[in-house]
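Protein sequences appear in the order of chains C and W. Everything in the first sequence is counted per the working numbering, starting at 9 for the first residue and increasing by one. Everything in the second sequence is counted per the working numbering, starting at 23 for the first residue and increasing by one.
If you're looking for bench data, these hints aren't it; they were derived computationally from the structure. Just so you know, not all the hints are guaranteed correct.
[To be verified] Some, not all, of what chain C presents toward chain W, calculated at C-beta under 10 angstroms: (1) Tyr14; (2) Val21; (3) Phe31; (4) Trp32; (5) His36; (6) Ile50.
[Said to hold, decoys possible] According to the in silico footprint, chain C covers these stretches of chain W (three or more CB under 8 angstroms from chain C): (7) 227-233; (8) 237-245.
Even glycine gets a Cβ: it sits at the ideal position worked out from N, Cα and C.
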Amino acid sequence: MESSLYLLVPLSVALVFLIGWVFWRALHGGQFDDLDRPGYSILEDDDPKPK
Amino acid sequence: MQVNMSRHPHPSMLVAGRCALPERQNRPPHMANILAAAPACFHCGAAVLEPRRWRSSVLGAEREFCCAGCEAVAGTIVAGGFEQYYATRSAAALQPQDLPPAAIYDDPDAQRQFAVRSGEHRRIATLILDRIRCAACLWLNEQWLRRLPGLVRVDINYATHRAQVEWDERETRLSRILEAIRAIGYDAWPFDPLRHASLERATRRAALWRLFVAGFGAMQVMMYAIPAYFDGGGTLPPESAQLLRWASLALTLPVIVFSCGPFFAAAWRDLQGRRIGLDTPIALGIAAGFGASVWATVSGSGEVYFDSISMLVFLLLGARYAELLARSRAARGLDRLSRWMPSFALRLSGEAQEKVAAHTLAAGDRVLVPAGERVPADGTVERGCSSADESLLTGESVPVAKAAGSTLIGGSVNVEQPLTMRVTQVGAETAAAAIARLVERAAAARPALVASADRIARVLTYVVVGTALLAYLGSGNPWIAVAVLVVTCPCALALAAPIALTAAAARLLEQGVALTRSGALEALARAGDIVLDKTGTLTTGRLALARTERFGSLGEQDCIALARALEASSRHPIARAFGEGPCAADVSALMNVPGHGVEACVAGRRVRIGQAAFCAELAGSPAPGGGERTAAWLADASGWLARFALEDPLRAGAASLVQSLHAAGLRVHLVSGDAPRVVEALARSLGIASFAGGATPQDKSAFVQRLQGEGRVVAMLGDGLNDAPVLARADVSIAMGNGSEIAQLHSDLVLLGERLGAVPEALAGARRTLRVIGQNFAWALAYNAVALPAAAAGWVGPWEAAVGMAASSFIVVLNALRLAGRGRADSTWKAASTSSFLSRSRSYS
Chain C
9 MESSLYLLVP
19 LSVALVFLIG
29 WVFWRALHGG
39 QFDDLDRPGY
49 SILEDDDPKP
59 K
Chain W
23 MQVNMSRHPH
33 PSMLVAGRCA
43 LPERQNRPPH
53 MANILAAAPA
63 CFHCGAAVLE
73 PRRWRSSVLG
83 AEREFCCAGC
93 EAVAGTIVAG
103 GFEQYYATRS
113 AAALQPQDLP
123 PAAIYDDPDA
133 QRQFAVRSGE
143 HRRIATLILD
153 RIRCAACLWL
163 NEQWLRRLPG
173 LVRVDINYAT
183 HRAQVEWDER
193 ETRLSRILEA
203 IRAIGYDAWP
213 FDPLRHASLE
223 RATRRAALWR
233 LFVAGFGAMQ
243 VMMYAIPAYF
253 DGGGTLPPES
263 AQLLRWASLA
273 LTLPVIVFSC
283 GPFFAAAWRD
293 LQGRRIGLDT
303 PIALGIAAGF
313 GASVWATVSG
323 SGEVYFDSIS
333 MLVFLLLGAR
343 YAELLARSRA
353 ARGLDRLSRW
363 MPSFALRLSG
373 EAQEKVAAHT
383 LAAGDRVLVP
393 AGERVPADGT
403 VERGCSSADE
413 SLLTGESVPV
423 AKAAGSTLIG
433 GSVNVEQPLT
443 MRVTQVGAET
453 AAAAIARLVE
463 RAAAARPALV
473 ASADRIARVL
483 TYVVVGTALL
493 AYLGSGNPWI
503 AVAVLVVTCP
513 CALALAAPIA
523 LTAAAARLLE
533 QGVALTRSGA
543 LEALARAGDI
553 VLDKTGTLTT
563 GRLALARTER
573 FGSLGEQDCI
583 ALARALEASS
593 RHPIARAFGE
603 GPCAADVSAL
613 MNVPGHGVEA
623 CVAGRRVRIG
633 QAAFCAELAG
643 SPAPGGGERT
653 AAWLADASGW
663 LARFALEDPL
673 RAGAASLVQS
683 LHAAGLRVHL
693 VSGDAPRVVE
703 ALARSLGIAS
713 FAGGATPQDK
723 SAFVQRLQGE
733 GRVVAMLGDG
743 LNDAPVLARA
753 DVSIAMGNGS
763 EIAQLHSDLV
773 LLGERLGAVP
783 EALAGARRTL
793 RVIGQNFAWA
803 LAYNAVALPA
813 AAAGWVGPWE
823 AAVGMAASSF
833 IVVLNALRLA
843 GRGRADSTWK
853 AASTSSFLSR
863 SRSYS
């Protein structure tokens, strides 16, 4: 039972770094740059303009 | 003066194999031993790999340099007489780099975007300074540029690292200025909103990433701490406890090394400058707590506090991030003017349309502005009838009607119908850019209020470090010292004023008032008297037809049509009073007699319009009746036809302006150069008790001076161009701005529209700002006065201290943000999208 700690604790540390990496990707992919605009974008109509 | 760096690549660039900034941690480990032993470059601090090769005498001693570039830069600085820089700087300089040639910015086409003509041979541009490390760098740049021949003026904003330069084209070029900055090891390029935005985005990402690392680390470390918390009866085997400690250490390490980077960097800079900065206590607290916990882990004895430390860092960074957002939100309001120009324009050549980049437009181009689009430059309407939403510039939300001949302001939205316009001003010469420049210059100054708060905050940091030391020595418990270092919040004190002022300036701009001197808000809030000018301020400054008195058989409308026909070609202010409308046709033999009037043949009979004496010659009899009012007479050979009484009408809102000023507790005065009787009548009708007519500019100035002599703080509202001397005399001056003239106004606040209601709003805003700053100061002082003794007495744990400190600065920031009003960061965007939505739906129908 206790020996499992030696596996689980390092595993949790590795998991933290993995999640950190995923967040880093999301952040630098621009997902957190503008948190306001996407909410309004559903209200915009992107139909082509009438001629 | 120009230094060619490319011939001598920097040694560390060779070492690293790429052109990286020479931070020591970037170097491969095997170099570390060599580098540690080598002396450091006097200029940039990098290791000197070839001792005795590059040397120069600085500050009275022979100094070693790492490369020809650094040596040349140091030589330039010393030769210029700025050795003092090396004595006062708090961080080593960055190394000179290879840079693109500055000459591309001399191109007149390129300059149109960022430079503006300020005189026959003078130009102004805003530059961004890069590679700035500390305040001494800015000082050096400022002093260095001041000595450049041909440079008229340089203002450097210490907060945004932007410099505004004005130079004489006959003596120097922009590239010479940029090269001069590069010659002392910095970099500069013209301010470009796009580039600035990407810089800001990078800062925000970095801050968010730091916050995430700290938050996630803190969460996980807390998990590891829980077994130890609940281990009452010693059921946790020592080996497991030790494993959890090591895991905590592994996750706290990135939090300390990466997330706390800014705290340590700032503290280190302050240490090198032999002073204590705002971040020093925090950095000390974190380092002490972490050091003690690492020691406990390694030695296997004592207590660890990794959870407290990482939680503390998370809370501190959370407050910092919120502050960053708040500051950029407050500043964004100021930047929006320069950002709202559209990127593309539809240029017309003949009948063909061509989509071109907006910055390639030139004065004289014809441009089509579709409904719902932004106007790409300043210009006049050639064809079409529509209305424009100028709220961006004037704060006036009702669209303004536009017809052929009307002026269009770049950045405003064409609401109803397509318009064809002719471009008159582009890029940096547009009205929006002029206002942005004025406001930016105001932001560059540090009002006395901010400077004194900074001084108090600095003193407080010394008190904090001293108290922490005493608490530690007195109790022997390092955690009390950590709590003292963390709980006090000099930042709240330092933040109290600047954020409030920035938010207030942004809010004012939204209401149509540009703040051009940052100290003006304080003076406006304290003002006890306001002096109003009449012509052009309370009145429109444009004559209008008040009444028509007929003498002959000709009807009123016919008289006006006749007058319009006679005055059609005249540029006299009276001519405009008749406005537009039906016009008598068949005008010939038009003759303008300057100072008297106009004579012409209309439908076969001679008609005169103008002064009574001039018309009397034709009418053959003296003018019937008379009056003091400004009037124009109309007569033909058979006798008198009409008398047009003209007046300068009051602006809408003049009466309510006086009322609300009275309600705000101000003493209102009316001083004008007009006839005393006219001024008195106006003052009585508006309810102003104190007035003076027939005043020369000197009289007006003396009037203000007399009030000031009574110990009053005097505000002056006037016409910016004609009242300049008296505006300068008043404690705070407000000018009525008008499109293109805005850049030449010398007043503290400029009303961008014609809406007088903005004045009481600005007054209320200024008072609210001062009140908020007062609240912030009171809160920051009270908090620190309570928290410091409590922590020193040992009543506050480290992470409780962090909560207190984060909450303290957060409250200050939130309180200041109240000034930005309900309009949130996206309000301008929302307004723009709503108006374009409206116009689109209109064009569907």
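| query | Are there hints from earlier that the structure breaks, and if so, what are their numbers? | reply | 6
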